[in-house]
Amino acid sequence: MNRRIENAEAQGIDMRYEPEAQHASTALTVYENRKKTKILLVEPETPISYWSYDHTLPLIDKKAAYPPLGLITLAAMLPEEWELSLADSNTGTLTQEAIERSDAVFIGGMHIQSQSFHELVKRAHAAGKTVVGGGPYVTSSPNECQDLDHLVLGEVEGGIEEWSWQFEQGIAPKMAQMPPFPKLDETKIPRFDMIDPKDYASVGLQLSRGCPHDCEFCSVTKLNGRRPRLKGTKQFLEEAEALRKSGFRGSAFVVDDNFIGNHKAVEEMLPELAAWQKKHGYPLDFFTQADLRLAKFDSLMEKMVDAGFSGVFLGIETPSKEALKESGKHQNSGIDLDAAVRKIAEAGLEPMAGFIMGFDSDKEEDLDALQAFINRNPIPHAMVGVLQAIPKTDLHARMQREGRLLREYDGDQFGTANFETVMDPAVLRGKYAEVLRSIYSPQNYFDRCLQLMRIRKNPRYSLYRHKLKFGLNALKNSLIQQGLCSDYRARYWQFLSRVAVGMTDKIHAAVTYAAKFHHYYRYTQEDVLPRLTT
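In terms of this note's numbering, the sequence shown opens at residue 226 and continues consecutively.
Rather than coming from a laboratory, the hints here were simulated on the basis of the structure.
Here the structure is a predicted model, which means the values were calculated and not measured.
Please note that a few of the clues may not be correct.
With a straight-line Cα cutoff of 30 Å, these simulated BS3-like cross-link-like pairs (lysine-lysine) come out [said to hold, decoys possible]:
#1 K682 to K503
#2 K503 to K261
#3 K288 to K413
#4 K731 to K423
The calculated label-pair distances, taken between Cβ atoms and stated as ranges, are [claimed, not checked]:
#5 K682 to K459: 25 to 33 Å
#6 P496 to H555: 26 to 34 Å
#7 A351 to K260: 21 to 29 Å
Just so it is clear, CB atoms sit at the ideal spot from N, CA and C, and this is done for glycine as well.
All chains should be built: construct the whole structure from the sequences, respecting the hints.
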């Protein structure tokens, strides 16, 4: 019995299914005579957050930030005999007719989508459909998902084929645990043909899963392991080619838990990716997420830029040494954070970063220092959230042991903590509001953009036609909504004029930064601050 099943049973979850243990005697014939089954794959609605870009999407003529990479990857691994269709609640493609036509509805999703997730379950059940759920939310919180007919926990590679056969035969268990940490060479190319690439601002690709670091607040190592598992270079390039052939051009998010978890393997892959990009005219503008050790690898950063990477999301979390130690974020403890951020920017990569408030050791002066750190560094996109005890994390386990857990995590990081904080909750709430007002004030945000644009070198590849078209469309919409209608229009014009005078080669970047700011500003002013100050 594997450790995940033992852990699940310790929580009172019945785990009676292991794919490799079932039907061994009929292994040669078990998948014969497949039944034609109509499956509707549904992505729940993502509520507004700093990550959703609801106010930016109309400016760039898009319907959603990202397509459901998990579902279109699953689709590639389901039986060929099945008739599959995809509906994304974020693009308005889910209809009652699609539900009625299906034999079963498969739903994926994350914690932040939990409300929509359960509404979809009710809707499908009302239509008399069998409902199957999987993905990070179901895997992390199966006890919250007992309204499903079937739960598929974990990564589906290595187990989905047999489960699919059992599902056809009507003998699939209520809850199925997939084999832990499968090799990614069993993953098939995502079904990019199932999405309309024009609907999305960015599309995801994945090179690896897992992270070598084990931060207390993060669930990655429990879900995906500490040893990064990589796809082969050929496999990754085939996925990039499939995305290109779908017609998509533009921003591509390499959704790895930590892109440099195995930095040597990544560095070996990048020259081949660069050659592919050059051959096809740089169709994809990559960004990814990594830890701050990236600043130590000059050659790796150079190869990333050559391969068309323009940005990297960094888990900085806090400049407080005490909080870093408390949370097990040891990889940041011995690093000059300011110098690392600047070095990454100078290499040609935009540093985006996540920050956390509410550690046990946090004092008010630590939160003041966090605010100052953000505003003095070239980090336009700084995502600051209040610490949450997420299921499958060491922090969640500690809060339970200490009797401090107030409620289960609902996906909202931009409000109050779901556990009893050491800092007075009212003080933390007030400081959080103060930080958000500061970092997303027009002056401070645009100043950080200008700082980045001055020190970040331009990529060696040219501005291709798809980028120019995107920039012109966004500029037109931005000039109307931000330049004429917004209450920060004076700062907006000041920012664009400074770019136009001294950095004309970066006008596309300036328009992009401005468009993203429109969401950060409106979401902060209209949603987050009212919640924090009432």
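Verification of the supplied hints:
1. Using a Cα cut-off of 30 Å, the hinted pair K682 and K503 holds, with the two alpha carbons roughly 19 Å apart.
2. Note on K503 and K261: the hinted pairing is violated, with a Cα-Cα distance of about 42 Å set against a maximum of 30 Å.
3. Annotation: proposed proximity of K288 to K413 holds, straight-line Cα distance about 27 Å (limit 30 Å).
4. With a CA separation close to 24 Å, the supplied pair K731 and K423 stays within the 30 Å bound.
5. Taking the beta carbon of each, K682 and K459 are about 31 Å apart, inside 25 to 33 Å as hinted.
6. One distance hint, 26 to 34 Å for the beta-carbon pair P496 and H555, holds here, with the actual separation near 31 Å.
7. A hinted range of 21 to 29 Å holds for the C-beta pair A351 and K260, which are about 25 Å apart.
Checked against the numbered hints above, the structure breaks only hint 2 and satisfies the rest.
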